[in-house]
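Student: Below are the chains, spelled out letter by letter.
2 protein chains.
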Amino acid sequence: MAGGIGSRFWPFSRNDKPKQFLDFFGTGRSLLQMTVDRFRSVVPIENVLIVTNVIYKDLVLEQIPELRENQVLCEPARRNTAPCIAYAVARIYSETDKANIIVTPSDHLILQEEAFRQSLQTGLEFIENNNVLLTLGMKPTRPETGYGYIQMEDGDTALRKVKTFTEKPNLELAKTFYESGEFLWNSGMFLWNLQTIMRAFAEHLPELAEKFAAGRDVMGKEGEEAFIQAIFPTCPNVSIDYGLMEKADNVSVLCADFGWSDLGTWGSLYDLSRKDENENVTLKCDTAFYQSKGNIVTLPKGKLAVLQGMEDYIVAENDNVLLICKKDAEQQIRQFVNDAQVRFDGQYN
Amino acid sequence: MAGGIGSRFWPFSRNDKPKQFLDFFGTGRSLLQMTVDRFRSVVPIENVLIVTNVIYKDLVLEQIPELRENQVLCEPARRNTAPCIAYAVARIYSETDKANIIVTPSDHLILQEEAFRQSLQTGLEFIENNNVLLTLGMKPTRPETGYGYIQMEDGDTALRKVKTFTEKPNLELAKTFYESGEFLWNSGMFLWNLQTIMRAFAEHLPELAEKFAAGRDVMGKEGEEAFIQAIFPTCPNVSIDYGLMEKADNVSVLCADFGWSDLGTWGSLYDLSRKDENENVTLKCDTAFYQSKGNIVTLPKGKLAVLQGMEDYIVAENDNVLLICKKDAEQQIRQFVNDAQVRFDGQYN
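Same order as they appear, the protein sequences are chains A and B. Per the working numbering, residue 106 is the first one in the first sequence, and the count goes up by one each step. Per the working numbering, residue 106 is the first one in the second sequence, and the count goes up by one each step.
Hint data in this document are derived by calculation from the structure and do not stem from the laboratory. Do not take every clue at face value.
[Claimed, not checked] Below, simulated DSS-like cross-link-like pairs (lysine-lysine); rule was C-alpha separation at most 25 Å, straight line:
1. B/Lys244 / A/Lys406
2. A/Lys408 / B/Lys273
3. B/Lys244 / A/Lys432
4. B/Lys266 / A/Lys408
5. A/Lys408 / B/Lys244
6. A/Lys122 / B/Lys244
7. A/Lys408 / B/Lys280
8. B/Lys122 / A/Lys406
9. B/Lys431 / A/Lys408
10. B/Lys406 / A/Lys398
11. B/Lys266 / A/Lys406
12. B/Lys122 / A/Lys431
13. A/Lys122 / B/Lys122
14. B/Lys408 / A/Lys389
Small disclaimer: the values here were computed from a predicted structure and weren't measured.
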């Protein structure tokens, strides 16, 4: 899944090149490329499908040049994760009636790739012959309020049935979840086999399932694009969590621990980045700090930021926009983007 | 005089393009160009000499294309204002033995150009036939501690003899000066005739005068460059104020009032710029302020700065450097420049 616009990371993430396409850490690989790389030893590249907005099709093909054009599924409108996954499932079903499927966001960070691969192997073996919707749950390392949580049933195995899904909690609740040992972070990564997910769509999102079933004859063929153009904008704007996972009763979770972050906010990026002796984080650029602490600074490579008298700020520059904002005010960033769009007629989107 | 490096305005002012060559206000004209423009109706352009460091020669000719190459006098080393003026005087003397001379910095701001021209006319008429070193003194508008002051003798004329020159005062003293009505700001602009300034050099800086006198035969000719290369670096590093004006007894001041600033600091630039309802100053770029006041922001034209939770900061970006610094810490900027030079091997000078 590579269709998001990542507005919380504006101006680093921009409409024409959102978060998943950015080289976040100055390593030379974008988050999307790192995600594809991470799956290379698990899934043959010819079995990878990337669902993205049509406006990013060329960017995907440019960043992952091994892909055939028809491996990039183009959404003509933004409709959250359920229609995105339904589209990919319909495409897979046009080619086979037996498949194991891994669903993953393309803009997350995973630090321990070997542990990640082992979790995938465990999961794949399990879902191949079980009618189960499996989600990857992350062992929480702090009472994070920015993630959804999954409550497991009692037990001592890594793989357990899910009791409940919960939305982002407040801090008090997050502490309770964290200390209980029963709760995992919801990573947004799923494993299931083709028959299981098709049954689940038919049961919990029947209208959506029927829309895609109507295209059975054209999927993977010449008529696919026109068909998707016609039905996709009519799909409900609903997430796979809300529309399906929270309603199904055959959901399990695999408890995993491989240094994961959804890179959802500047704060999460700050938390997992290496800090200097004054708790300042520098990404990509050069920096010099004077009487400054707790800042996160990212400018394009080859630039220098000199900060004096700054505490707990985000300083982010990309292309033609510089943002300077208190870390604890980052929830205002969406507003900044919207205001700028109105005031400056879209030139800084 | 256009040889300064303007390090107090780093990173806006850079070694390879210092303050006088910059379009400070986004008007399309640099401070040097504005200075030349300001003199167009007073001095024929063919009588203008621009003294600058040799590394800026091409920049001067590019910005003022009407100049012949030999109107740009090149200093092979930085030696403050006395050698700079001695060089220009020697060149003028190679062409004539009678001339009225106006000396001016090229990086100041003057708002009321007509009042400025009237002061020049008054001054020129006076110095033509008087053996007097005339300085332009600015009627102070506040107890500024960033300027030197000139004390006038008692009287009620605009043109009076100078009693004393004083260095930059502390705030208490500045208040006394300001309230007394006897003190003017030292603008660094001078008027004198050729014979008077040559006599003054001979009397107060005889060593310097002799150095240039030795080149009489080559000045304005083919040998000038080699001669200047040989003697200029041996000249004392001394200002015209300290080396000559403060020692001479034939010094007068013309009290003038034409909206002048030496643009010496970010603070002075902030003070004279137009502010929004939250006392924020924006130069050249677009800005959006949230919970922010008292800032001065300058980015290249066509860029947007979004500031949140910022109070009394300088935010200045130019080329590959971004500076964010409290307004009251701007005296540290020289240190930032020096540190960056050492740490990053000159790439951000």
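Student: CA of B/Lys266 to CA of A/Lys408, is that 25 Å or under?
Tutor: violated, 52 Å
Student: For a C-alpha distance cap of 25 Å, please report whether A/Lys408 and B/Lys244 respect it.
Tutor: violated, 42 Å
Student: Can you confirm whether the C-alpha distance between A/Lys408 and B/Lys273 stays at or below 25 Å?
Tutor: Violated. A/Lys408 to B/Lys273 sits at ~36 Å, over the 25 Å cutoff.
Student: Holds or violated: are the alpha carbons of B/Lys244 and A/Lys432 at most 25 Å from each other?
Tutor: violated, 46 Å
Student: Under the criterion that the straight-line Cα-Cα distance not exceed 25 Å, is the pair B/Lys408, A/Lys389 satisfied?
Tutor: Roughly 20 Å between the alpha carbons, so the hint for B/Lys408 and A/Lys389 holds.
Student: Does B/Lys122 pair with A/Lys431 here, judged by a C-alpha cut-off of 25 Å?
Tutor: violated, 33 Å
Student: Quickly compare the C-alpha distance for A/Lys408 and B/Lys280 to 25 Å and report which way the hint goes.
Tutor: At roughly 43 Å apart (the allowed maximum being 25 Å), B/Lys280 and A/Lys408 break the hint.
Student: Quick one, are A/Lys122 and B/Lys122 close enough, alpha carbons at most 25 Å?
Tutor: violated, 33 Å
Student: Do the alpha carbons of A/Lys122 and B/Lys244 lie within 25 Å of each other, as the hint requires?
Tutor: Violated, at about 55 Å.
Student: Does B/Lys244 pair with A/Lys406 here, judged by a C-alpha cut-off of 25 Å?
Tutor: At roughly 48 Å apart (the allowed maximum being 25 Å), A/Lys406 and B/Lys244 break the hint.
Student: Would the hint linking B/Lys266 and A/Lys406 be met if the CA-CA limit is 25 Å?
Tutor: Violated: B/Lys266 and A/Lys406 sit about 58 Å apart, past 25 Å.
Student: Take the C-alpha atoms of B/Lys406 and A/Lys398, compute the straight-line distance between them, and say whether it is at most 25 Å.
Tutor: violated, 30 Å
In this structure, the hints that do not hold are numbers 1, 2, 3, 4, 5, 6, 7, 10, 11, 12 and 13, in rising order.
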